[in-house]
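**Student:** Based on the provided sequences and hints, a complete structural model is requested.
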Amino acid sequence: MPVLKPGTRLRSAVCATEVMVIQAPAHEVEVTCGGASMLPLGAGGPSPQAAQKGEGTQIGKRYVNAAGDLELLCTKPGAGSLAAAGAPLVVKGAKPLPSSD
Amino acid sequence: MNLAVLLEMACASFGERVAVRCEGQSLRFDELFSAAGAGARALRESGARHAALLDVTSPAVPVALFASAWAGLPFAPLSYRATDAEIDALLARIAPAFLVTDAERAGRLAGRASLAILARDAFLARVRSTPAPEPDWDMDPEAIAVLLFTSGTTGAPKAAVLRHKHLVSYVLGSVEFGCAGPDDATLVSVPPYHVAGMAAILSSVYAGRRIVQLPHFDARAWIELARAEAVTHAFVVPTMLARIAEALEAEGGALPALRALSYGGGKMPLPVIERAMRRLPQVDFTNAYGLTETSSTIALLGPEEHRAAAASADAGARRRLASVGRALPGVEVEIRDPDGKPVAAGERGEIHVRGEQVAGEYLERGSQLGPGGWFATRDGGSLDAEGFLFVEGRIDDVIVRGGENLSPGEIEEVLLAHAAVADCAVVGVPDEQWGEAVAAVVVPRAGASVSAQELRDWVRARLRSSRAPERIEFRDRLPYNETGKLVRRRLRAELAGDA
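Sequence lines, in order, name chains B and V.
Under the numbering used here, the first sequence has 50 at position 50, and the numbering climbs by one with no breaks.
Under the numbering used here, the second sequence has 48 at position 48, and the numbering climbs by one with no breaks.
Check before you lean on any hint, since a few could be wrong.
To be verified - The list that follows gives simulated cross-link-like pairs (lysine to aspartate or glutamate, EDC-like), each with its CA atoms no further than 20 Å apart:
hint, chain 1, residue 1, chain 2, residue 2
1, B, K76, B, E55
2, B, K5, V, D30
3, B, K95, V, E176
4, B, K5, B, E55
5, V, K158, V, E386
6, B, K76, V, E86
7, B, K5, V, E332
8, V, K341, V, D384
9, B, K95, V, E386
10, B, K61, V, D396
11, V, K158, V, D88
12, B, K76, V, D88
13, V, K485, V, E304
14, B, K5, B, E71
15, B, K92, V, E332
16, B, K5, V, D136
17, V, K158, V, D384
18, B, K92, V, E176
19, B, K92, V, E356
20, V, K485, V, E410
21, V, K158, V, D218
22, B, K76, V, D218
23, B, K5, V, D138
24, B, K5, V, E356
25, B, K95, V, E332
26, B, K76, V, D138
27, B, K95, V, D284
28, B, K61, V, E361
29, B, K5, B, E28
30, B, K76, V, E332
31, B, K95, V, E356
32, B, K95, V, E304
33, B, K92, B, D69
34, B, K76, V, D396
35, B, K61, B, E28
36, V, K158, V, D396
37, B, K61, B, E71
These are calculated hints, taken from the structure and not from any lab test.
**Tutor:** Printed below as a string of structure tokens:
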């Protein structure tokens with residue numbers, strides 16, 4: 001369970017979900033998807049299993065923890081839900097902005 | 001973090017949608033992704049340390065931008081308006097470079113050492129006919145994504161550094177992924193070497209919005225392209241909007257598909273935005289304020305705020321139309337006095353900004369961020385009690401008259417409030433008695449007439465007498481550059497020359 005760094009890409013061990021780390025705490029944190037530890041993108045290991053229960057992940061949504069020091073961008077959606085240190089991550093709400101460019 | 005991830009997501013979610021259209025050529029999102037990969041391969045094989053583009057806007061621009069990100073090289077779009085000598089100096093600073101340029105220049109520059117050159121069409125043909133490698137870009141958030149050479153008034157241009165983390169942060173903070181409908185299209189007419197040109201590509205790709213490119217701006221061509229492509233969104237600089245509104249009025253036509261028009265890159269004269277809002281009542285107008293060094297937009301005045309200000313009978317509320325709105329979420333803005341202390345609401349000072357998207361760094365000079373990550377913009381302005389930001393122009397344009405600092409923006413605002421004034425610029429001119437004297441160049445409104453003395457009295461009645469322009473000249477138009485910035489140094493030189 002390494003310390004996560006901004007830019008690190010992870011994949012779910014149990015569904016199609018992929019994320020990119022936007023912000024991470026300086027200490028080690030266990031990130032799971034569908035209840036299983038996430039793996040570095042490109043790493044071998046268990047391949048996607050059947051869909052898990054839960055809300056799953058949505059591409060383009062940012063997921064944050066309660067402390068506000070962990071933020072993941074979902075780059076590929078899947079059936080499993082994200083959690084860190086056992087607590088579910090929530091979608092970072094953002095007020096839609098008008099297009100400025 | 002890498003900008004290539006944004007394109008990869010777009011490719012996976014709406015790959016078959018058209019990503020970019022230009023003069024009859026189209027690239028879908030999946031084709032753009034593949035071309036970026038093939039471009040990355042070409043960049044790596046060349047041994048270049050930078051990727052440069054010296055050309056008008058075309059599909060080669062988004063391809064080269066994402067190819068550079070994929071290959072891990074900084075992308076440097078250069079101004080095609082620069083002189084040969086200036087371009088040589090810029091190329092020397094980024095050697096060895098891979099350069100995409102127009103056919104004529106490609107021939108002229110061929111054979112240069114430390115330069116791998118491909119003409120635009122040859123580059124596009126190559127990236128469309130070679131397969132892309134597997135996604136293998138680096139994810140270092142600190143890697144440089146874009147280098148933009150800012151137009152210095154003196155000395156060599158500064159190379160503003162935008163790292164992947166800054167641009168990714170800007171996009172994630174301001175655009176909802178996939179928010180565009182399948183018929184959305186945005187018209188891009190700003191040149192690639194302007195930060196708005198880079199931001200337009202990144203935002204549109206992440207939104208899933210088709211980019212329609214106009215290589216050479218002309219109001220008639222813009223209007224015709226907007227109609228032909230059923231353009232729904234566009235970004236323009238103030239001078240472009242003035243000409244578009246004029247041309248629309250002259251022909252009496254409409255732009256039925258257009259829903260959102262954002263503008264920025266320079267000060268918008270109130271009469272221009274008011275005229276455009278009257279001409280295009282169904283359009284949502286957004287004023288975007290930002291700098292190259294802040295990865296584009298940091299504050300915006302949205303459509304509802306435009307309508308509320310325009311409809312208000314109250315002068316204070318109406319004045320908001322001249323504001324650039326409020327800071328984006330995740331961006332903080334502060335106004336400080338010359339000692340660096342924050343000032344109260346309504347007071348003028350220098351605009352400081354901080355946030356994840358704020359780069360504030362130049363090549364060869366390093367980070368310019370102060371304690372706490374604040375960036376001094378060198379723009380003067382004020383914040384009102386509700387956080388609306390008013391920008392008054394560059395601090396370096398301040399006129400020092402008899403030891404007193406005068407803000408051209410403050411005097412211009414008063415002059416623009418006169419019914420007979422369509423546009424104006426205030427600059428300092430050398431003066432034996434005061435060091436600098438206040439000079440105003442005024443563009444009268446069509447059909448209106450006003451005397452210099454009348455305008456002098458108008459300013460004197462509203463500001464201290466030291467601010468009343470000693471010299472007032474009348475002209476048909478002011479010198480704006482192609483990206484909408486008033487070229488004050490030209491006015492200063494002209495006025496000083498015939499003093």
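**Student:** Starting from K76 (chain B), check that the Cα of D138 (chain V) is at most 20 Å away, please.
**Tutor:** Answer holds: K76 (chain B) to D138 (chain V) is near 18 Å, not above 20 Å.
**Student:** For K92 (chain B) and E332 (chain V), compute the direct alpha-carbon distance and say whether it is at most 20 Å.
**Tutor:** holds (19 Å)
**Student:** So if I understand the rule, the pair passes when the alpha-carbon distance is 20 Å or less; does K158 (chain V) with D218 (chain V) pass?
**Tutor:** violated (29 Å)
**Student:** Is K95 (chain B) close enough to E304 (chain V), meaning Cα to Cα at most 20 Å?
**Tutor:** Status holds; Cα separation ~14 Å.
**Student:** Holds or violated: K76 (chain B) with D88 (chain V), Cα cutoff 20 Å?
**Tutor:** violated (44 Å)
**Student:** Going straight from one Cα to the other, do K158 (chain V) and D396 (chain V) come out at no more than 20 Å?
**Tutor:** Within the cut-off at roughly 16 Å; holds.
**Student:** Given the hint that K61 (chain B) pairs with D396 (chain V), does the C-alpha gap stay at or below 20 Å?
**Tutor:** The given pair, whose Cα atoms are some 42 Å apart, is violated under the 20 Å limit.
**Student:** K5 (chain B) and E28 (chain B) were given as a pair; does the straight-line alpha-carbon distance stay at or below 20 Å?
**Tutor:** holds (10 Å)
**Student:** Can you confirm whether the C-alpha distance between K95 (chain B) and E176 (chain V) stays at or below 20 Å?
**Tutor:** holds (9 Å)
**Student:** Do the alpha carbons of K5 (chain B) and D136 (chain V) lie within 20 Å of each other, as the hint requires?
**Tutor:** With Cα atoms ~18 Å apart, K5 (chain B) and D136 (chain V) stay inside 20 Å; holds.
**Student:** Next pair to validate is K61 (chain B) with E28 (chain B); report whether the Cα-Cα distance is within 20 Å.
**Tutor:** Status violated; Cα separation ~23 Å.
**Student:** Below or equal to 20 Å on CA atoms is what counts here, so check K92 (chain B) against D69 (chain B).
**Tutor:** Holds. K92 (chain B) to D69 (chain B) sits at ~12 Å (cutoff 20 Å).
Hint violations for this structure: numbers 2, 4, 5, 6, 7, 10, 12, 13, 17, 21, 22, 28, 30, 34, 35, all remaining hints satisfied.
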